[in-house]
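Enquirer: Line by line, the protein sequences are chains A and B. Mind the numbering: the first sequence is residues 17 to 604 in the working numbering, read in order. Mind the numbering: the second sequence is residues 2 to 166 in the working numbering, read in order.
Bear in mind the hints are in silico, worked out from the structure with no lab data behind them. C-beta: ideal position from N, C-alpha, C; glycine also. Please note that a few of the clues may not be correct.
Listing some non-contacts, in silico: residues in chain A with all C-beta distances to chain B over 10 Å [to be verified]:
1. A129
2. G170
3. E221
4. R465
5. T548
6. A551
Subject to a maximum C-alpha distance of 25 Å in a straight line, what follows is the list of computed DMTMM-like cross-link-like pairs (lysine to aspartate or glutamate) [what the hints assert, rightly or not]:
7. A:K241 / A:D200
8. B:K131 / A:E221
9. B:K97 / A:D188
For reference, the chains in residue letters:
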Amino acid sequence: MVETTPTTTTATPPYADQTLENVIETVLKFITNRRDRNAASLVCKSWYNAEAQTRSELFIPNCYAVSPTRATARFRRINSVQVKGKPRFADFGLMPFQWGAHSSPWIAAFGAAYPWLEKVLFKRMVVRDADLLAISERFSGLKEVTLVCCEGFGTKGLAFLVSNSRQLRVLDLFEAEVNDDEVDWISCFPEGETCLESLTFDCVESPRIEFSVLENLLARSPNLKKLRLNRYISIGQLYRLMARAPQLTHLGTGSFCPSDIAQEAEFELDYRAAFAACKSIVCLSGFREVAPEFLPAIYPICVNLTSLNFSYANINSEQLKSVICHCHKLQTFWVLDTVGDEGLQAVAATCNDLQELRVFPIDAREDSEGFVSEIGLLAISEGCRKLRSILYFCQMMTNAAVIAMSKNCPDLVVFRLCIMGRHRPDHRTNRPMDEGFGAIVMNCKKLTRLAVSGLLTDEAFIYIGKYGKLVRTLSVAFAGDTDMALKYVLEGCPKLQKLEVRDCPFGDSVLQAGLTRFYNMRFLWISACRLTLPACRQIAQEIPHLVVEVFTNETIVAEEGDEFVDTLYMYRSLDGPRNDAPEHVRIL
Amino acid sequence: MELELGLSLSNCTFHKIPSLEELDLIGYVNCEGNQDYYGDNLSSLLSCGKSSVNDGDYDQEIRNYDDNENGLCRKKRRNESDEVVGWPPINTYRKKQQNDTHQQPHHPGRGIGNCQATENGGKDRVDDYKLTYQDEEGDWLLAGDVPWRTFIQSVQRLKMLRRDD
Numbered sequence: 017m018v019e020t021t022p023t024t025t026t027a028t029p030p031y032a033d034q035t036l037e038n039v040i041e042t043v044l045k046f047i048t049n050r051r052d053r054n055a056a057s058l059v060c061k062s063w064y065n066a067e068a069q070t071r072s073e074l075f076i077p078n079c080y081a082v083s084p085t086r087a088t089a090r091f092r093r094i095n096s097v098q099v100k101g102k103p104r105f106a107d108f109g110l111m112p113f114q115w116g117a118h119s120s121p122w123i124a125a126f127g128a129a130y131p132w133l134e135k136v137l138f139k140r141m142v143v144r145d146a147d148l149l150a151i152s153e154r155f156s157g158l159k160e161v162t163l164v165c166c167e168g169f170g171t172k173g174l175a176f177l178v179s180n181s182r183q184l185r186v187l188d189l190f191e192a193e194v195n196d197d198e199v200d201w202i203s204c205f206p207e208g209e210t211c212l213e214s215l216t217f218d219c220v221e222s223p224r225i226e227f228s229v230l231e232n233l234l235a236r237s238p239n240l241k242k243l244r245l246n247r248y249i250s251i252g253q254l255y256r257l258m259a260r261a262p263q264l265t266h267l268g269t270g271s272f273c274p275s276d277i278a279q280e281a282e283f284e285l286d287y288r289a290a291f292a293a294c295k296s297i298v299c300l301s302g303f304r305e306v307a308p309e310f311l312p313a314i315y316p317i318c319v320n321l322t323s324l325n326f327s328y329a330n331i332n333s334e335q336l337k338s339v340i341c342h343c344h345k346l347q348t349f350w351v352l353d354t355v356g357d358e359g360l361q362a363v364a365a366t367c368n369d370l371q372e373l374r375v376f377p378i379d380a381r382e383d384s385e386g387f388v389s390e391i392g393l394l395a396i397s398e399g400c401r402k403l404r405s406i407l408y409f410c411q412m413m414t415n416a417a418v419i420a421m422s423k424n425c426p427d428l429v430v431f432r433l434c435i436m437g438r439h440r441p442d443h444r445t446n447r448p449m450d451e452g453f454g455a456i457v458m459n460c461k462k463l464t465r466l467a468v469s470g471l472l473t474d475e476a477f478i479y480i481g482k483y484g485k486l487v488r489t490l491s492v493a494f495a496g497d498t499d500m501a502l503k504y505v506l507e508g509c510p511k512l513q514k515l516e517v518r519d520c521p522f523g524d525s526v527l528q529a530g531l532t533r534f535y536n537m538r539f540l541w542i543s544a545c546r547l548t549l550p551a552c553r554q555i556a557q558e559i560p561h562l563v564v565e566v567f568t569n570e571t572i573v574a575e576e577g578d579e580f581v582d583t584l585y586m587y588r589s590l591d592g593p594r595n596d597a598p599e600h601v602r603i604l
Numbered sequence: 002m003e004l005e006l007g008l009s010l011s012n013c014t015f016h017k018i019p020s021l022e023e024l025d026l027i028g029y030v031n032c033e034g035n036q037d038y039y040g041d042n043l044s045s046l047l048s049c050g051k052s053s054v055n056d057g058d059y060d061q062e063i064r065n066y067d068d069n070e071n072g073l074c075r076k077k078r079r080n081e082s083d084e085v086v087g088w089p090p091i092n093t094y095r096k097k098q099q100n101d102t103h104q105q106p107h108h109p110g111r112g113i114g115n116c117q118a119t120e121n122g123g124k125d126r127v128d129d130y131k132l133t134y135q136d137e138e139g140d141w142l143l144a145g146d147v148p149w150r151t152f153i154q155s156v157q158r159l160k161m162l163r164r165d166d
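Using the sequences provided together with the hints, build the complete structure.
Expert: So this is what it looks like as structure tokens:
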């Protein structure tokens, strides 16, 4: 047999290969966007290697989609990690006890592979005190720790973290459940000047902070720009802290009311002057127990504010008006519905650059009195034409207002409307809300995230499937008539990555309809619908690398005899089913 | 396949008077050991004779009220097969903040260094506080002054105040 050599030789001299890779590495270093990097890595083996060597930020959107070993084996030079665990519905109590999302194996792998790690972010994961200790001990150059919606640790863990991490610039805790271990963790920061730039502990429900220690910490943190205090800090204490840190750009005010053992002096402080001295504040939040009579103190900085979070402030429309009329530059605004439609009209009148609005209910129950309605939504749509993102809780809505918003705010990227009463129609016409949501997907051509509510028939989903070509995240609850609804969506929305469905009359045929889609999605969550265990099992068998979990929101195991599955949660995984699931979570 | 649009819900008039099941107050009183929404202070206040009605009467009151109402609109809250968990979709952290603000006294300005009150446990602090409520006319009244039925028909908000306020 004659051995033929190929006409174009595949063997190039080693040094040329290496040069090529060096060149590509050099170029790729400039690419920071992870989607661009993902694309680059698919070009060829050479680019794949070069990209793997030069990626510095590791983003793991589902901690079970890939094992820590595999991730750290591929990417060798990471200095910043972000790992997300539980799906979003965990926030609403829909996950069973101890479902998973443990940070420990990730920390162990990072400790071995990236001892130089500087930034860590965990979202919706279990982070224990021991994990915080490990983080602080393994990464001597640790600069930033951010924990979002995490649980499992307490002030003891925080104490470990801050005492060991001398280079810490950022310690941000957002909506974390922090156990009160009766440790004054603030006093555990090492002595001397700190590197602190951001300290966020507004969610730490521990009153055990020695105020003078906190004051002292600020005095020796000249770089501190962001400070978000918890509600155990009174307004008098806030005054003193602001005097220590006039360079702040982001401030969470704590309670914003006097302490209950207030001396007269606390009432006589010139709060307005204190705020006026902090000329750089652009982002204001807190107001956890707001005493509205103190609100005028913030007037001096309102004109500079780009972000204002009043979502814990129980204030009425008049109180809001007096503040918002100064806030011409506001881009992000979070508020409670206690301000009413009138308050929102005031926002619409002044905040013409508004990009993000969130209106939360003071009373999050289905039959509570609603303080905002279609009137507020319409006003916002007319005044805030640049709106990109809205989350709006209400009790009453009309199609007309939603349609108006779709036309007035064509730049909307995120539209989340929550009509709290289930199956509630347009309260003026009594018709389903199909037209409104249909208009949103039709007119808002940049829409990537949509949450629907109210009375909805399959028609709404026809619209979504037909027009929602960029939709990546869809949340559906108490909606739809037949399985066709989800089929329209699964067949019509090519970019769909995250689908969250609860309490809808959808059955097994939706699983069949999505067979070709599920592997390319980040996850699918279907709870309290009409899926049977055999159908779920069939999906698990038909699609390799798909992890299909079945559970209830308690510690009851889904049984063969159950008519319907309580919750189906499925996602793709390169490394097969996880081995840390509790007994009551079945992996099919 | 059964369709469950629940259209009847949308046609309900939504009563201004909060229904009994939805007043967590009632559920708490009837459900032993439930720590979901209230700390020890409120539970002992509720049971320490502020009202002349004892637990047995609470049950009867609820049944009477229930029978008189159109049951379609209301959802049972606790340990019932059709309770709606996680709706409306407010995350548990935020919900807790709202509950804590309304029900539990907190102490801004107090840390270990500044603490003057005793930390002797719940029982001692109960006497330091009184329970007030806002009725439908916006007036703040002392709980325990009016009959139970009047109270539940008119209560809109609850507030705990220190006894000397």
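Enquirer: Hints first: check each against the structure and report whether it holds.
Expert: Status of each hint after checking the structure:
| no. | hint | verdict |
| --- | --- | --- |
| 1 | A129 | holds, 32 Å |
| 2 | G170 | holds, 15 Å |
| 3 | E221 | violated, 8 Å |
| 4 | R465 | holds, 14 Å |
| 5 | T548 | holds, 13 Å |
| 6 | A551 | holds, 14 Å |
| 7 | A:K241 / A:D200 | holds, 22 Å |
| 8 | B:K131 / A:E221 | holds, 24 Å |
| 9 | B:K97 / A:D188 | holds, 20 Å |
In summary, the structure is inconsistent with hint 3 from the numbered list given earlier, while agreeing with all the others.
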